[in-house]
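Student: For reference, the chains in residue letters:
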Amino acid sequence: MSSPSPGRTLVFKILRHNPQDPTSEPHVARFELEEYEGMTLFIALNEIRERFAPDLQFDFVCRAGICGSCGMVINGRPGLACRTLTSTLAPEITLAPLPVFKLIADLSVDTGEWMRGMSERLETWIHEQTPVDLHAVEERMEPELAEAIYELDRCIECGCCIAACGTARMREDFVGAVGLNKIARFRLDPRDARDDGDFYDLIGDDDGVFGCMSLLGCHDICPKELPLQTQIAFLRRKMVRVS
Amino acid sequence: MKIVYTDVLVIGGGLAGLRTAVGVKQRGFDTIVLSLVPAKRSHSAAAQGGMQASLGHSAMGAGDNEDVHFEDTVKGSDWGADQRVARMFTHVAPKAIRELAGWGVPWNRVSQGEREAVINAERVVITESAKAHGLITARDFGGTRKWRTCYTSDGTGHAMLFALGDQSIAHGIPVMERMEALALIHEGGRCYGAVVRNLVTGELSAFLARATTIATGGYGRIYKVSTNAVICEGTGTAIALETGVAELGNMEAVQFHPTAIVPAGILTTEGCRGDGGILRDVKGHRFMPDYEREKRELASRDVVSRRMTEHMRKGLAVQSPYGDHLWLDITVLGREHVHKNLREVTDICRYFLGMDPAEDWIPVRPTQHYSMGGIRTDHRGESTTLKGLFACGEAACWDMHGFNRLGGNSVAETVVAGMIVSEFIADFCAGSESDINLSTGLVREFVEREQAGLDGLLNSSNGESASAIRSRMEEIMIEQVGIFRTGSELESAVEELEQLLERSRRLSVRNRVPGANPELVAAYRLPKMLKLALCAALGARQRTESRGAHYREDFPQRNDRDWLNRSITTWPSAEATLPRLDYESIEVGDMELPPGFRGYGTRDHIDHPHSDQRHRQIEQILKAVDPNDRYARQAALMPFEHLLPEKYRPRSQRLEIKT
Ligand SMILES: Cc1cc2nc3c(=O)[nH]c(=O)nc-3n(C[C@H](O)[C@H](O)[C@H](O)COP(=O)(O)OP(=O)(O)OC[C@H]3O[C@@H](n4cnc5c(N)ncnc54)[C@H](O)[C@@H]3O)c2cc1C
Ligand code: SF4
Ligand code: SF4
Ligand code: FES
Numbered sequence: 000m001s002s003p004s005p006g007r008t009l010v011f012k013i014l015r016h017n018p019q020d021p022t023s024e025p026h027v028a029r030f031e032l033e034e035y036e037g038m039t040l041f042i043a044l045n046e047i048r049e050r051f052a053p054d055l056q057f058d059f060v061c062r063a064g065i066c067g068s069c070g071m072v073i074n075g076r077p078g079l080a081c082r083t084l085t086s087t088l089a090p091e092i093t094l095a096p097l098p099v100f101k102l103i104a105d106l107s108v109d110t111g112e113w114m115r116g117m118s119e120r121l122e123t124w125i126h127e128q129t130p131v132d133l134h135a136v137e138e139r140m141e142p143e144l145a146e147a148i149y150e151l152d153r154c155i156e157c158g159c160c161i162a163a164c165g166t167a168r169m170r171e172d173f174v175g176a177v178g179l180n181k182i183a184r185f186r187l188d189p190r191d192a193r194d195d196g197d198f199y200d201l202i203g204d205d206d207g208v209f210g211c212m213s214l215l216g217c218h219d220i221c222p223k224e225l226p227l228q229t230q231i232a233f234l235r236r237k238m239v240r241v242s
Numbered sequence: 000m001k002i003v004y005t006d007v008l009v010i011g012g013g014l015a016g017l018r019t020a021v022g023v024k025q026r027g028f029d030t031i032v033l034s035l036v037p038a039k040r041s042h043s044a045a046a047q048g049g050m051q052a053s054l055g056h057s058a059m060g061a062g063d064n065e066d067v068h069f070e071d072t073v074k075g076s077d078w079g080a081d082q083r084v085a086r087m088f089t090h091v092a093p094k095a096i097r098e099l100a101g102w103g104v105p106w107n108r109v110s111q112g113e114r115e116a117v118i119n120a121e122r123v124v125i126t127e128s129a130k131a132h133g134l135i136t137a138r139d140f141g142g143t144r145k146w147r148t149c150y151t152s153d154g155t156g157h158a159m160l161f162a163l164g165d166q167s168i169a170h171g172i173p174v175m176e177r178m179e180a181l182a183l184i185h186e187g188g189r190c191y192g193a194v195v196r197n198l199v200t201g202e203l204s205a206f207l208a209r210a211t212t213i214a215t216g217g218y219g220r221i222y223k224v225s226t227n228a229v230i231c232e233g234t235g236t237a238i239a240l241e242t243g244v245a246e247l248g249n250m251e252a253v254q255f256h257p258t259a260i261v262p263a264g265i266l267t268t269e270g271c272r273g274d275g276g277i278l279r280d281v282k283g284h285r286f287m288p289d290y291e292r293e294k295r296e297l298a299s300r301d302v303v304s305r306r307m308t309e310h311m312r313k314g315l316a317v318q319s320p321y322g323d324h325l326w327l328d329i330t331v332l333g334r335e336h337v338h339k340n341l342r343e344v345t346d347i348c349r350y351f352l353g354m355d356p357a358e359d360w361i362p363v364r365p366t367q368h369y370s371m372g373g374i375r376t377d378h379r380g381e382s383t384t385l386k387g388l389f390a391c392g393e394a395a396c397w398d399m400h401g402f403n404r405l406g407g408n409s410v411a412e413t414v415v416a417g418m419i420v421s422e423f424i425a426d427f428c429a430g431s432e433s434d435i436n437l438s439t440g441l442v443r444e445f446v447e448r449e450q451a452g453l454d455g456l457l458n459s460s461n462g463e464s465a466s467a468i469r470s471r472m473e474e475i476m477i478e479q480v481g482i483f484r485t486g487s488e489l490e491s492a493v494e495e496l497e498q499l500l501e502r503s504r505r506l507s508v509r510n511r512v513p514g515a516n517p518e519l520v521a522a523y524r525l526p527k528m529l530k531l532a533l534c535a536a537l538g539a540r541q542r543t544e545s546r547g548a549h550y551r552e553d554f555p556q557r558n559d560r561d562w563l564n565r566s567i568t569t570w571p572s573a574e575a576t577l578p579r580l581d582y583e584s585i586e587v588g589d590m591e592l593p594p595g596f597r598g599y600g601t602r603d604h605i606d607h608p609h610s611d612q613r614h615r616q617i618e619q620i621l622k623a624v625d626p627n628d629r630y631a632r633q634a635a636l637m638p639f640e641h642l643l644p645e646k647y648r649p650r651s652q653r654l655e656i657k658t
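Each protein sequence line maps, in turn, to chains A and B.
Just so you know, we're using numbering that gives the first Met the number 0 here: the first sequence kicks off at 0 and counts up by one.
Just so you know, we're using numbering that gives the first Met the number 0 here: the second sequence kicks off at 0 and counts up by one.
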């Protein structure tokens with residue numbers, strides 16, 4: 000277990016605002032905590048809520064880096080709060096909600112609505128060729144292909160790539176790395192009946208792969224370390240060919 | 000007052016809820032799914048290791064079929080399961096895997112030829128058949144005779160939940176996030192929907208439906224340390240209990256998983272041991288073979304968790320500032336395997352422990368993990384006592400797990416139950432018995448009662464805060480209603496929980512805003528959680544035997560003579576501080592597999608007086624049936640196919656793989 004220097008006092012500067020409350024103005028609230036070994040931002044935020052700010056809002060579900068609920072901007076960088084050990088940060092920690100997404104309050108944002116909108120536009124589901132016969136032996140798939148699909152399937156829709164993306168901040172309907180990665184995933188999947196022409200109709204414009212400026216903020220930030228850089232570049236080449 | 004109408008209200012957007020919604024939608028009914036969080040963030044996403052289905056395509060799974068899966072499940076349950084339901088489940092599980100494959104789940108596949116694996120801490124070579132190449136493969140899990148657990152690396156739940164989440168979007172099913180069901184609307188033994196609170200605005204509304212389904216997952220968070228997500232607070236189960244009509248089954252049956260990391264309580268999958276990982280004590284000694292000669296680290300979870308605790312009590316634990324623990328050693332599997340097939344585990348160790356599990360041992364100890372208990376339903380998934388209320392997934396006691404569920408059988412249950420129960424819900428909705436004739440007055444009454452409760456919390460100024468009571472409840476549960484239980488501890492647990500429940504009726508909150516208000520949420524959930532805790536503690540106190548995960552040190556034997564039954568709890572009235580406890584007997588005479596030795600754990604139980612008779616009867620019946628026709632033999636003992644929706648009755652094909 001990593002052991003931080005004992006007895007650090009952590010200073011949290013949290014950007015607070017509750018749009019539901021007409022009297023609320025965005026402001027930075029400051030809290031102090033004694034650090035202890037194994038402290039994560041999940042533990043710290045709960046302690047702050049318990050001791051100082053019962054109305055402080057944030058989202059945690061799995062608290063294990065699996066569900067993608069707790070994306071926030073940690074010292075200027077989007078990341079998963081639950082799996083961030085405070086010992087990996089300097090003693091002054093600034094926290095802000097992910098930009099681009101609708102603010103619910105404080106550190107809580109509405110990624111769900113954004114992701115559903117993206118999924119509906121990109122039709123991020125298998126477009127079956129023939130319905131599966133549930134009673135028959137399944138279709139075969141090469142083991143390496145199944146693994147390659149899983150590799151791209153690992154996205155947890157945390158929204159960190161969107162928060163880090165210049166295009167997403169400017170273009171409301173830009174599907175972002177999360178959306179482009181999903182297209183790459185379904186494109187790889189032989190069970191999906193769609194061809195490149197169909198995918199072009201979905202992402203062959205400035206809200207799709209041509210809106211991406213390839214600055215790769217997304218790639219460096221993705222907590223699941225998805226190969227976003229290669230996937231976006233590859234898709235772009237394929238889509239240029241179709242056009 | 001806002002009223003929303005739909006055909007089928009599904010409370011819960013995890014695997015069970017989403018599969019149910021898709022099922023009724025495919026049958027042409029309207030449905031709305033409610034969830035505390037975006038559906039894809041539901042706790043199902045955290046399932047790592049895999050899903051059991053007897054495909055039998057991997058070499059180590061050769062010869063597997065529904066019969067073997069059934070037997071493993073019933074033995075795992077310590078004979079607490081409803082055997083007909085276990086049969087329905089094992090029959091449909093292969094179909095569920097194949098349906099999910101069609102929806103895009105990238106199940107790992109069989110790769111023909113030789114490959115290395117670790118079995119019993121030794122490297123062995125397994126040869127996969129060329130005939131099976133490219134079919135869905137499986138790994139080993141505890142309490143199973145064949146390698147049967149299908150998986151996508153160690154992100155199985157994630158892949159399944161995203162496939163289902165995307166299917167629900169494809170079917171245009173509205174999923175309303177950050178919505179919490181606070182109470183069921185019911186009258187005269189019939190459920191009509193729920194009062195629902197918007198967690199962002201605080202607004203209450205009524206959702207009315209022909210059928211209401213609860214798929215809200217488990218109640219692990221009544222325990223101080225749990226592998227469960229922080230939202231697994233069991234409120235869905237509690238609102239069923241609070242009707243006073245719906246029954247809960249086997250609430251004392253709570254599973255502890257052997258290997259959660261210390262101190263965070265985050266799970267490392269059973270796949271670690273399934274793939275060959277071993278447990279070590281403070282001296283580095285591999286101790287499980289000393290206790291369980293045959294199954295070693297891969298006995299069922301209840302047994303391994305108990306053996307670990309027993310070993311730690313002998314002073315052989317590793318001591319740390321966060322309490323005692325043991326080691327899980329997966330370094331034996333080799334770096335490549337760990338980093339590729341146990342990737343989530345690698346990430347968890349890296350981020351939460353700052354170590355690499357391919358290099359160092361992982362500090363683990365048994366931790367609350369799964370709720371076998373839940374809303375008691377019939378084989379169709381409908382509440383035994385409240386018409387129009389259905390339940391499935393971890394929230395239900397359907398009851399295929401009895402007193403201990405096998406790893407990999409839970410995500411399998413969620414989708415299989417979703418498939419089966421949605422058909423019965425659709426049948427129910429198609430008939431006139433599902434028509435709703437309900438006065439708005441009644442609906443208003445239910446909404447106003449909830450509103451009054453919330454207003455009370457917001458306006459009272461001299462009550463206690465919820466958090467101290469809640470921590471005490473969590474401590475009591477882990478210390479006195481945990482892995483090892485005794486009558487005197489359970490007695491004091493019940494007593495103290497009762498006092499806590501009374502105190503929880505006089506709470507107040509510092510933060511008085513009616514909208515998004517985490518403190519308010521904690522306050523109104525607390526009495527619900529305490530009621531579940533009381534059901535579990537009281538059930539455990541009364542059950543003077545040991546069965547599956549329920550272990551009484553003062554009554555260490557399984558006692559089929561007196562306790563071959565299901566504990567049934569109901570909540571008598573709003574003022575009550577204790578549940579009512581009844582028992583539903585499990586008939587030996589109907590069993591395909593009468594009680595016996597599980598094959599692991601202690602070989603010591605008190606027989607049921609009818610056990611021998613049933614064994615002899617079975618011998619007689621089987622004499623008259625073709626020994627080579629396993630279907631006929633099964634049907635002669637305990638017919639179940641007629642219980643299934645017609646579309647799921649056909650047999651599942653599999654290739655016969657020879658090794
Ligand atoms: C860490 C971990 C790993 C696991 N690994 C495996 C495995 O490898 N194999 C296996 O078979 N099983 C595994 N399990 C168990 C399995 O994951 C769960 O039992 C299963 O996913 C439960 O699914 P569900 O659909 O019943 O409930 P959940 O997925 O928990 O979903 C519950 C839903 O209900 C909603 N909800 C809850 N209360 C309310 C309310 N009052 N109002 C509105 N909505 C509400 C929630 O928002 C959520 O959408 C694991 C469990 C854990 C804890
Ligand atoms: S691509 Fe990565 S950063 Fe973007 S949503 Fe998915 S997991 Fe998060
Ligand atoms: S590379 Fe494209 S998607 Fe990624 S951050 Fe830059 S603009 Fe956004
Ligand atoms: S809470 Fe699930 S990823 Fe952080």
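Calculated directly from the structure, the hints in this document are not laboratory data.
Be aware that a few hints might be false.
[Said to hold, decoys possible] Covered stretches of chain A (in silico footprint by chain B; criterion: 3 or more residues with CB under 8 Å from a CB of chain B, positions within the stretch not fixed):
(1) 34-48
(2) 96-103
(3) 122-128
(4) 135-149
(5) 153-164
(6) 232-242
[As the list claims (entries may be wrong)] Under the rule of at most 35 Å between Cα atoms (straight-line distance), these lysine-lysine pairs were calculated in the DSBU-like manner:
(7) K101(A) / K12(A)
(8) K282(B) / K313(B)
(9) K646(B) / K622(B)
(10) K101(A) / K386(B)
(11) K101(A) / K646(B)
(12) K282(B) / K339(B)
(13) K1(B) / K386(B)
(14) K386(B) / K646(B)
(15) K130(B) / K646(B)
(16) K339(B) / K237(A)
(17) K12(A) / K223(B)
(18) K130(B) / K223(B)
[To be verified] Some chain A residues well away from chain B (every beta-carbon gap over 12 Å; in silico):
(19) L84
(20) T93
(21) R115
(22) Y199
(23) E224
Here a beta-carbon is modelled for each residue, glycine too, at the ideal position from N, C-alpha and C.
Student: Look at each hint and say if it fits the structure.
Tutor: Hint by hint, here is what the structure shows:
| no. | hint | verdict |
| --- | --- | --- |
| 1 | 34-48 | holds (count 4) |
| 2 | 96-103 | violated (count 1) |
| 3 | 122-128 | holds (count 5) |
| 4 | 135-149 | holds (count 12) |
| 5 | 153-164 | holds (count 3) |
| 6 | 232-242 | violated (count 0) |
| 7 | K101(A) / K12(A) | holds, 21 Å |
| 8 | K282(B) / K313(B) | holds, 13 Å |
| 9 | K646(B) / K622(B) | holds, 32 Å |
| 10 | K101(A) / K386(B) | violated, 40 Å |
| 11 | K101(A) / K646(B) | violated, 44 Å |
| 12 | K282(B) / K339(B) | holds, 29 Å |
| 13 | K1(B) / K386(B) | holds, 24 Å |
| 14 | K386(B) / K646(B) | holds, 24 Å |
| 15 | K130(B) / K646(B) | holds, 29 Å |
| 16 | K339(B) / K237(A) | holds, 29 Å |
| 17 | K12(A) / K223(B) | holds, 29 Å |
| 18 | K130(B) / K223(B) | violated, 49 Å |
| 19 | L84 | violated, 7 Å |
| 20 | T93 | holds, 20 Å |
| 21 | R115 | violated, 6 Å |
| 22 | Y199 | holds, 20 Å |
| 23 | E224 | violated, 9 Å |
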